Amino acid sequence: MGSRASVGLILVAVTGFLCSSDAYVFAVGGKDGWVRQPSEGYNQWAGRYRFQINDSLLFKYKKGADSVLVVTKDGYASCNTKSPLVSLTDGDSLFTFKRSGPFFFISGNPENCNNGQKLIVVVLAPRTKAPTPQPPSSPPPAIPPMSPPGGHMPPPPPSGMVPPPGVPSPASPPAEPGTNPSGSNPVGPQAPAPSPSFAQKGSSCSGAMVLGFSGLVSYLVLGKVLV
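In case it helps, mature numbering (1 follows the signal peptide of the UniProt record, and there is no 0) puts the sequence shown at residues -23 to -1, 1 to 204.
Hints in this document: simulated from the structure, not taken from any laboratory.
Computed from a prediction, not measured in an experiment: that's the story for all the values here.
Please note that the accuracy of each hint is not assured.
To be verified - Derived BS3-like pairs (lysine-lysine); straight-line CA-CA distance at most 30 Å:
id, residue 1, residue 2
1, Lys75, Lys50
2, Lys50, Lys40
3, Lys8, Lys75
4, Lys40, Lys59
5, Lys75, Lys39
6, Lys59, Lys75
7, Lys39, Lys50
8, Lys40, Lys8
9, Lys40, Lys75
10, Lys8, Lys39
11, Lys39, Lys59
Let's have the full structure, built from the sequences with the hints guiding it.
And the structure:
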């Protein structure tokens, strides 16, 4: 009774499949277990699940009356039970997948295998995480414009005029002395004209000197004549 109760608890625990830290345990055949004529074909049952590495299959059968053999593809097709890769005979056999790819299971009884007690399971390859996208590279820093020697920038040309490269702007001709470039009268101070009184005084003085000199000459001449 104790052994039957333990088996019952195991069947309840693994009905469908159990999850154990990202790995699942699948009870082969569901409620039917590993039998000669299941209500659902084993390959049809396996097609409803996705198997990955570290997942396990639980085969439930009567110990001593049947077994589970892991065989090659050819051994699966011919139900060859003579050289299995793995042989499970303990009655509640657990097989864990350690790699991806197809796995072939048959009954240890050739007659049962020929009656459909065999299974193919394809284990998926592990998922690979997509690479983390790299942040966009920052643009290179802008280069400031070069300044001419001395740190002074030349003034911009007048509006509407662009001097050709390499040709200096024409300089304005020098203004003539005493003239204003704009055509107006010279702005500088003029020399003062001579005063009228000063001109008249100069003329009367010259006349008096001439008369006096003439009188002196006449006096001398007359004096000699009289002597």
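Okay, the hints, checked on the actual structure:
A distance of roughly 18 Å separates the Cα atoms of Lys75 and Lys50; the hinted pair therefore holds under the 30 Å criterion. With a C-alpha separation of about 26 Å, the suggested pair Lys50 and Lys40 falls inside the 30 Å cut-off, and the hint holds. Taking the CA atoms of Lys8 and Lys75, the gap is about 26 Å. The hint holds against a cut of 30 Å. Taken as a hint, the Lys40 and Lys59 pair is honoured in the structure, with Cα atoms around 19 Å apart against an allowance of 30 Å.
Between the alpha carbons of Lys75 and Lys39 the distance comes to roughly 26 Å, so the proposed pair stays at or under 30 Å and holds. With a CA separation close to 24 Å, the supplied pair Lys59 and Lys75 stays within the 30 Å bound. For the given pair, Lys39 sits about 26 Å from Lys50 by alpha-carbon distance, which is consistent with the 30 Å threshold. This hinted pair checks out: Lys40 and Lys8 have alpha carbons roughly 17 Å apart, not beyond 30 Å.
About 25 Å separates the Cα atoms of Lys40 and Lys75, which keeps this hinted pair within 30 Å; it holds. Between Lys8 and Lys39 the alpha-carbon distance is near 14 Å, which keeps this suggested pair within the 30 Å criterion. With a CA separation close to 21 Å, the supplied pair Lys39 and Lys59 stays within the 30 Å bound.
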